[in-house]
Amino acid sequence: MRSETLIWAAVAAIFAFLFIPIVVIVLYAFSAAPIPAWPIAGFALHWFADTWHDQAVRQALVLSLEVASVATIAAMLLGTLAAMAVARMQSAAKEVVSFIAVLPIALPGILTGMALAAYFAFWGINLSYWTIVAGHATFCVVIVYNNVVARLRRMPRSLTEASADLGADAFRTFRLVQLPMMASAIGAGALLAFALSFDEVIVTTFTAGAQNTLPLWIFGAIRLGQQLPEVNVVVFAIILFTAVPVLLAQKLIGESGKVAR
Amino acid sequence: MSLNRTFSVLGWRRPGMANAALLGLPALWFAALYLAAIGALLVTSFWTVDDLSGNLIPGFSFTNFQQLLSVPVYTHIALRTIGIAAAVTITDVILAWPVAYAMIRLAGPRLRAAMMAAVMVPLWSSYLARVYAWRLILAHNGLLNWALMEIGLPRAHIGYSNWAMWIVFSYLWLPFMILPVAASVERIPPSLLEASADLGERGFSTFRRVMLPMALPGMVAGAIFTFSLTLGDYVTPMLVGGRGSDFIGNVVYSNVGVTNNIPFAAAYAVLPLGVMAVFLLIARKLGAFDAL
Numbered sequence: 001m002r003s004e005t006l007i008w009a010a011v012a013a014i015f016a017f018l019f020i021p022i023v024v025i026v027l028y029a030f031s032a033a034p035i036p037a038w039p040i041a042g043f044a045l046h047w048f049a050d051t052w053h054d055q056a057v058r059q060a061l062v063l064s065l066e067v068a069s070v071a072t073i074a075a076m077l078l079g080t081l082a083a084m085a086v087a088r089m090q091s092a093a094k095e096v097v098s099f100i101a102v103l104p105i106a107l108p109g110i111l112t113g114m115a116l117a118a119y120f121a122f123w124g125i126n127l128s129y130w131t132i133v134a135g136h137a138t139f140c141v142v143i144v145y146n147n148v149v150a151r152l153r154r155m156p157r158s159l160t161e162a163s164a165d166l167g168a169d170a171f172r173t174f175r176l177v178q179l180p181m182m183a184s185a186i187g188a189g190a191l192l193a194f195a196l197s198f199d200e201v202i203v204t205t206f207t208a209g210a211q212n213t214l215p216l217w218i219f220g221a222i223r224l225g226q227q228l229p230e231v232n233v234v235v236f237a238i239i240l241f242t243a244v245p246v247l248l249a250q251k252l253i254g255e256s257g258k259v260a261r
Numbered sequence: 001m002s003l004n005r006t007f008s009v010l011g012w013r014r015p016g017m018a019n020a021a022l023l024g025l026p027a028l029w030f031a032a033l034y035l036a037a038i039g040a041l042l043v044t045s046f047w048t049v050d051d052l053s054g055n056l057i058p059g060f061s062f063t064n065f066q067q068l069l070s071v072p073v074y075t076h077i078a079l080r081t082i083g084i085a086a087a088v089t090i091t092d093v094i095l096a097w098p099v100a101y102a103m104i105r106l107a108g109p110r111l112r113a114a115m116m117a118a119v120m121v122p123l124w125s126s127y128l129a130r131v132y133a134w135r136l137i138l139a140h141n142g143l144l145n146w147a148l149m150e151i152g153l154p155r156a157h158i159g160y161s162n163w164a165m166w167i168v169f170s171y172l173w174l175p176f177m178i179l180p181v182a183a184s185v186e187r188i189p190p191s192l193l194e195a196s197a198d199l200g201e202r203g204f205s206t207f208r209r210v211m212l213p214m215a216l217p218g219m220v221a222g223a224i225f226t227f228s229l230t231l232g233d234y235v236t237p238m239l240v241g242g243r244g245s246d247f248i249g250n251v252v253y254s255n256v257g258v259t260n261n262i263p264f265a266a267a268y269a270v271l272p273l274g275v276m277a278v279f280l281l282i283a284r285k286l287g288a289f290d291a292l
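Protein sequences appear in the order of chains A and B.
Here the first sequence is numbered in the working numbering, starting from 1 and rising by one per residue.
Here the second sequence is numbered in the working numbering, starting from 1 and rising by one per residue.
Think of the hints as simulated: they come from the structure by calculation, not from any bench.
Warning: the hint list may mix true and false statements.
As the list claims (entries may be wrong) - FRET-style restraints, in silico, Cβ to Cβ:
| no. | chain 1 | residue 1 | chain 2 | residue 2 | range |
| --- | --- | --- | --- | --- | --- |
| 1 | B | Leu153 | A | Phe241 | 35 to 41 Å |
| 2 | B | Gly274 | A | Phe171 | 42 to 48 Å |
| 3 | B | Gly257 | A | Glu4 | 50 to 56 Å |
| 4 | B | Leu281 | A | Arg154 | 28 to 34 Å |
For glycine and all other residues, C-beta sits at the position ideal for the given N, C-alpha and C.
With the hints as extra help, turn the sequences into a complete structure.
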């Protein structure tokens with residue numbers, strides 16, 4: 001089949017396009033040169049130690065981890081509740097909830113960021129840790145929500161009804177029947193929500209004020225052309241550490257291999 | 001336990017109440033924070049700023065919108081943003097098809113899972129890392145120019161240009177197109193394709209007349225993301241676009257961060273809101289929301 005060969009050739013080229021930049025990032029992390037250039041002249045490991053001891057990077061990392069943790073917890077709660085409500089609803093109401101939940105990531109990032117900035121200015125709220133968390137939680141909800149909705153769709157209603165018939169009240173049914181069946185979907189959604197929050201820059205700029213999350217630090221450093229070797233190390237580390245939760249999440253979601261974002 | 005039981009019985013008899021109890025918290029969050037924020041954006045877009053003190057002046061004035069419409073550079077920036085977002089969307093549709101088709105129709109289950117993982121990893125890899133990688137690749141002394149020189153071609157000057165933005169945006173959002181297209185190809189019953197072949201259609205004709213229309217919702221679902229994410233970006237234009245390649249987002253960003261003119265920034269941000277509202281209405285008509 002000639003056309004099949006052509007398709008596979010195109011696929012190979014497209015995957016090369018997808019992965020060459022990632023390989024480039026990995027290689028530059030070990031580059032010795034203070035200013036990045038290709039071909040890489042020499043390799044060194046000392047930038048890793050330098051980056052690790054950079055207080056600005058550390059503070060940004062800690063802030064990012066804190067924000068992502070709290071935003072993920074909020075998104076788990078809100079997303080799971082909304083998904084459980086939707087699983088019981090008629091299709092028209094379902095559509096409205098799904099539509100509103102997806103808006104924060106389906107609408108342009110600049111719009112979400114600007115809307116939050118205008119809203120906080122409107123109330124005279126100073127930008128702080130909590131304004132970052134509020135923004136992140138809002139666009140993370142849909143990640144958990146989509147994963148749990150997909151799981152509940154495959155989960156027969158009869159199990160919940162059987163539990164009720166056997167005398168369990170709604171809370172007991174939730175604890176013993178629904179939660180165990182949803183757990184891996186909630187976990188997968190949480191991992192992806194964490195990865196999304198940890199990496200977000202477009203909206204965060206508008207909600208962070210003077211503080212630096214890790215992506216804001218990277219953005220600032222690249223823009224100013226400063227500390228580029230440390231940037232190389234940080235982006236390499238981020239790629240390495242986000243690949244783990246993503247691949248793990250994919251395992252949790254199961255065979256279908258679909259991750260709703 | 002009896003209180004639990006009371007709630008349980010109530011929830012069973014009146015499903016509406018149980019739904020409201022479950023949905024209450026998320027609904028409150030979205031209403032009080034997100035939808036209210038969009039409302040605040042619309043309201044403040046009619047406000048102005050006191051030139052001297054920099055204080056916000058509430059009111060209802062079309063000043064910001066008049067300025068946006070009367071200064072040509074804002075029209076240029078809007079057209080550039082929408083134009084590149086459209087070009088990126090078309091590019092990603094074209095690039096997504098071979099991958100989606102091979103993944104669903106040609107690959108065995110193991111290869112398919114590996115390909116799926118290979119699409120997921122860049123999707124969730126750090127956005128900034130990937131933009132930065134392209135900045136390094138397209139730079140004057142980067143990988144691209146090195147490769148061109150090695151094969152005896154002159155250096156390309158596409159770093160810091162609209163071409164660079166087109167390449168980088170197409171790269172960034174490609175996985176968002178591959179996944180929904182693959183999902184909608186998966187839903188096409190193979191029997192339909194066989195029927196088309198039995199009726200004498202050749203391979204490409206079957207693709208054009210059967211697969212393409214049936215996978216339209218998937219393509220539109222992907223387009224929501226490729227188009228909207230490009231439309232709302234300002235980081236990529238700053239990092240790989242260089243001078244004279246501002247997006248709507250860059251104007252909004254500098255009016256909030258530098259000039260501190262929130263009403264003007266809000267007024268310009270209303271444009272992507274309007275564009276996406278039209279886009280989402282069309283997407284809904286085409287059934288894209290079922291494919292999200």
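Against the structure, the hints come out as follows:
1. Checked against the given bound of 35 to 41 Å, the beta carbons of B/Leu153 and A/Phe241, roughly 38 Å apart, stay inside it.
2. Under the hint 42 to 48 Å, the C-beta atoms of B/Gly274 and A/Phe171, about 45 Å apart, fit the expected range.
3. For B/Gly257 and A/Glu4, the hinted distance range of 50 to 56 Å is satisfied, since their beta carbons lie about 52 Å from each other.
4. For B/Leu281 and A/Arg154, the Cβ-Cβ distance of about 30 Å falls inside the hinted range of 28 to 34 Å, so the restraint holds.
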